[in-house]
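Undergrad: For the sequence shown, the working numbering puts the final residue at 384, and the numbers step up evenly by one.
Keep in mind that the hints were calculated from the coordinates and are not lab data.
A hint or two may mislead.
As the list claims (entries may be wrong) - In silico BS3-like cross-links for lysine-lysine, where the CA-CA straight-line distance does not exceed 25 angstroms:
hint, residue 1, residue 2
1, 168, 193
2, 47, 27
3, 216, 167
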Amino acid sequence: MEAYFDNAATTRVYPEVQEIVDRMMTKEFGNPSSLHRIGIEAERYVKEAQVAIARILKADPKEIYFTSGGTESDNWALFGTARAARRRGKHIVISAVEHAAVASPAGALEDMGWEVTRVGVDSEGYVDPQAVADAVREDTILVSVMAVNNEIGTVEPVEEIAELVKKKNPETVMHVDAIQAFGKIPVRPGRSKIDLLSVSGHKIHGPKGTGFLYIKEGTKIAPLIFGGGQQNNMRSGTDNVPGIAGLGLASQMAADAMEENARKMNRLRGLLAEGAGSIDGAAINGPKVQDAAPHIVNLSFPGIRSEVLLHALEDREIYVSAGSACSSHRHGGSATLSAIGLPPERIDSAVRFSFCGQNTEEQVRCAIGALKELVPQLRRFTRR
1 MEAYFDNAAT TRVYPEVQEI VDRMMTKEFG NPSSLHRIGI EAERYVKEAQ VAIARILKAD
61 PKEIYFTSGG TESDNWALFG TARAARRRGK HIVISAVEHA AVASPAGALE DMGWEVTRVG
121 VDSEGYVDPQ AVADAVREDT ILVSVMAVNN EIGTVEPVEE IAELVKKKNP ETVMHVDAIQ
181 AFGKIPVRPG RSKIDLLSVS GHKIHGPKGT GFLYIKEGTK IAPLIFGGGQ QNNMRSGTDN
241 VPGIAGLGLA SQMAADAMEE NARKMNRLRG LLAEGAGSID GAAINGPKVQ DAAPHIVNLS
301 FPGIRSEVLL HALEDREIYV SAGSACSSHR HGGSATLSAI GLPPERIDSA VRFSFCGQNT
361 EEQVRCAIGA LKELVPQLRR FTRR
């Protein structure tokens with residue numbers, strides 16, 4: 001039985017999304033900047049996607065800017081804010097467990113002369129809101145904290161963090177990477193003090209190469225891409241109409257099914273944690289199962305390298321991840337698992353299971369059975 005448990009890396013596109021993308025590529029293929037009927041029809045799909053996403057976020061449609069995905073959105077948040085506010089200050093605060101799409105731009109800005117403070121986390125991956133606020137200074141231009149950790153599923157108190165940051169320095173821009181949160185848990189930047197929020201389409205059964213950056217009206221941020229002046233001169237380039245239409249539909253479908261899917265994924269996650277927990281030496285990494293985001297559970301099986309277990313499961317058509325998909329080809333281990341204080345043997349043996357609403361109990365029971373069979377076998381082989 002095939003069981004795909006790597007949905008935090010990417011998801012299968014909904015059939016309805018596939019259909020609208022195909023239609024926009026082959027039948028309603030106009031350039032939304034064109035003034036003729038076909039172009040105007042394409043522009044309508046872009047605007048409808050803006051409206052749909054804004055409604056989910058309780059925001060204004062003009063605050064939604066489409067990008068090529070979560071990485072561009074995160075990069076724009078950091079580099080765009082840094083460029084817009086460089087005369088006011090050169091200090092940035094991030095958490096120690098940010099995705100590489102935030103951590104790497106922060107490091108690049110550091111190389112260019114900005115100062116970056118990295119706030120640590122506790123053993124479950126939680127960022128202390130007061131610690132973030134304490135790190136904010138008069139010259140702090142940006143704070144960036146993710147909503148849900150992509151490796152261990154910790155749900156960060158980003159609204160509380162934003163509240164304290166703005167109280168400390170109202171001029172500091174608050175950015176949230178919501179790539180693992182949108183469509184899984186409620187995200188409401190329009191009702192909070194969050195200024196920038198990043199989302200990726202392929203995490204919610206939308207097309208790869210799509211995403212958006214929510215920019216609260218009045219937030220000072222410079223564009224990164226210049227050219228024809230599309231998207232109100234903020235993100236030039238011909239709009240990816242098929243991708244945007246697919247993203248808008250996927251966002252609406254994810255929002256409509258969010259509560260039902262969350263209940264289902266929580267049940268599956270609990271079933272897996274209980275079953276895997278009966279294996280000698282197995283351990284859950286990160287927050288308590290009942291407190292984490294509904295779709296992620298990170299498990300260690302000390303004595304077996306994660307890549308070995310991953311491929312053994314792959315031979316059974318069970319697909320999981322060894323840490324973050326975006327960093328799986330880099331050496332040096334997981335920054336998140338190191339930040340929560342795990343010993344090397346836990347880090348080296350960690351695998352991530354991530355669910356979607358299409359997963360089933362039968363698939364989870366199949367995975368548990370495979371783990372119970374494979375883990376003792378692989379440990380005996382390793383000890384030789």
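Undergrad: It remains to establish, for every hint, whether it holds in the given structure.
TA: For each hint, the structure was consulted:
Distance hint between residue 168 and residue 193 is fulfilled; the C-alpha atoms sit about 13 angstroms from each other, no more than 25 angstroms. At roughly 18 angstroms between alpha-carbon atoms, residue 47 and residue 27 fall within 25 angstroms of each other, so this suggested pair holds. In summary, the hint linking residue 216 to residue 167 is supported, as the alpha carbons are separated by about 18 angstroms, within the 25 angstroms threshold.
Every hint from the earlier list agrees with this structure, and none is contradicted.
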